[in-house]
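Asks: Each chain is listed here by its residues.
There are 2 protein chains.
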Amino acid sequence: MNEYIGRVEADLKKYNAHSHATDPQKNLIEAMNYSLEAGGKRIRPVLVYAFCEALGGDLDTAAAPAAAIEMIHTFSLIHDDLPAMDNDDFRRGKPSCHKAYGEAMAILAGDALSVLPYEIIADDTQLTAEQKVMLISLVARAAGKSGMIGGQVIDMESEGKTDLTEAELENLYRRKTGELISVSCVMGCMCAGTASPDVLYSAADYGFKLGLAFQVIDDILDVTSTTEELGKPVGSDAEENKTTYVSLFGLEKARETANKLTNEAMACLDIIEDNSFLKQLTEMLLNRKN
Amino acid sequence: MNEYIGRVEADLKKYNAHSHATDPQKNLIEAMNYSLEAGGKRIRPVLVYAFCEALGGDLDTAAAPAAAIEMIHTFSLIHDDLPAMDNDDFRRGKPSCHKAYGEAMAILAGDALSVLPYEIIADDTQLTAEQKVMLISLVARAAGKSGMIGGQVIDMESEGKTDLTEAELENLYRRKTGELISVSCVMGCMCAGTASPDVLYSAADYGFKLGLAFQVIDDILDVTSTTEELGKPVGSDAEENKTTYVSLFGLEKARETANKLTNEAMACLDIIEDNSFLKQLTEMLLNRKN
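In the order they appear, the protein sequences are chains A and B.
Every number in the numbering used here is 5 more than the matching position in the first sequence, counting from 1.
Every number in the numbering used here is 5 more than the matching position in the second sequence, counting from 1.
Pulled out of the complex, with its shape left as it was, chain A reads as follows (with noise of 0.2 Å):
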């Protein structure tokens, strides 16, 4: 875990060089190192590597990938951040990107960490041209209009509506979060280059149900851990009267779904040998206390 994390930290360094002092759009590259740099648990580029390696790949291989999807993943918490959206005034114990720079700033700063994914995938000097144009098309569809950003607009539009069915719920989850963990792992596999179809649609679905895992476990720590451990307030899913799965069914079979899922996670990892990394950190991440 560590030395992928490690992994992933230095690529994004790299992949968003630091400007000269001199350089007219310098605030802007601040902006975005800013905000990559904040940390989080990186779970997208983890599982980028992870998977390539579980699959024999060379992790060289997977480093324009990896630091892509956690760009793409740090964009959308910039402007879900913003005032006219969520207005959250910190983001892991920091200020939010637009409380440090502007609005305006990390309007722009979200709209170029949008956008430096499909650069540095197209320029890579590891991947063949097939590679890239497959990545970049997996990766731009599950960002996109049907995907995350989908999800966030279909999230946006949820707000106040106490009354969403399963369905719903899992439908707004998939796309929120889902899509971008699932391709993760789907990327990962193209890396390596030796997925068979088999092997990238079990990626594809561990993606999902772990991602769906991931939600309800939020749903659950939402009401089940303190302030101090979880890193921000609790309690804000009922003050905002969301629908969650702990809304919908309570704790206990709340936490009965995240078991499950998880599970069922597991159970996709069984056609790729190598799986022990894969399947240690799908438990770490259903016994996560934040």
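For the record, the hints were derived by calculation from the structure and aren't laboratory data.
Worth double-checking, as some hints may not be accurate.
Identical chains blur together in the list; that is why a pair holds if it fits in one copy or across any two.
[Stated by the list, open to error] Computed list of lysine-lysine pairs in DSS-like fashion (alpha-carbon distance at most 30 Å, straight line): (1) Lys166 <-> Lys31; (2) Lys166 <-> Lys104; (3) Lys247 <-> Lys104; (4) Lys258 <-> Lys19.
The hints should help you fit chain B onto chain A, whose structure is shown.
Replies: Relative to chain A, chain B alone:
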């Protein structure tokens, strides 16, 4: 011109297909279409088509790149108009996207239009994988932190500065407008697949000259046109204390500069045999009234 514009309008509709009324993110697609359909001069996609055809290429190969570049331009206009940015309530006589759909939806519609271009180029069936990778690299670079978005940042940070030098103003215009216009020309050449390095270089140079001339003419029209003719309030540059070619050099010298740049742009076209439409287009843009 009308044939090209007809193609662009049809492509934009096709690539951002209307979703069913029951799709949960249908309002997002609607907001995207609202801004895509708002019209404008369609200069960038017309240049993609015109360079492709001038070099003997099949226009169908240019469809995805042409739509892609217009989407990027549209995404930048939607985010530019936001309250935290230029705070413009109208765009081409219609309410701007955030006035029609709300600020959060406008942010997300811009985001979705910044991602879709890479998906449609990657998924195109006419271009080779190598062409796609080059096109994606070019367009992401032209849009990104050192291109259009970088230019926006410089523009924003230059607000209220009346003492920009000519070099600073040219650098700002080059990034904010020139990069995307220049890359449109180069993309057209790449779609044709027959361009020599000399032709590619001349096309890029033509685009930068044309983009700069375009901005100088904007500066002139802001002083000499009427609100009726221009379709937006005139005199806004002086009101906002903006450095422009007119404020730096006066009207007469600005007109000379626009003529000089247009002539230089024309000269770049001499390397292309079948350049008559491109020369007409260049002339038309010099003499435009809005």
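Asks: Next, verify each hint and record whether it holds.
Replies: For each hint, the structure was consulted:
Taking CA atoms no more than 30 Å apart as the test, Lys166 paired with Lys31 passes between copies only; the shortest distance there is 18 Å, against 42 Å inside one copy. In this assembly of identical chains, Lys166 and Lys104 lie within 30 Å of each other by CA distance both inside one copy and across copies; the values are 29 Å within and 24 Å between. With identical chains, the CA atoms of Lys247 and Lys104 are at most 30 Å apart both within one copy (25 Å) and between copies (27 Å). In this assembly of identical chains, Lys258 and Lys19 lie within 30 Å of each other by CA distance neither inside one copy nor across copies; the values are 44 Å within and 44 Å between.
Of the hints listed earlier, the one the structure fails to meet is number 4.
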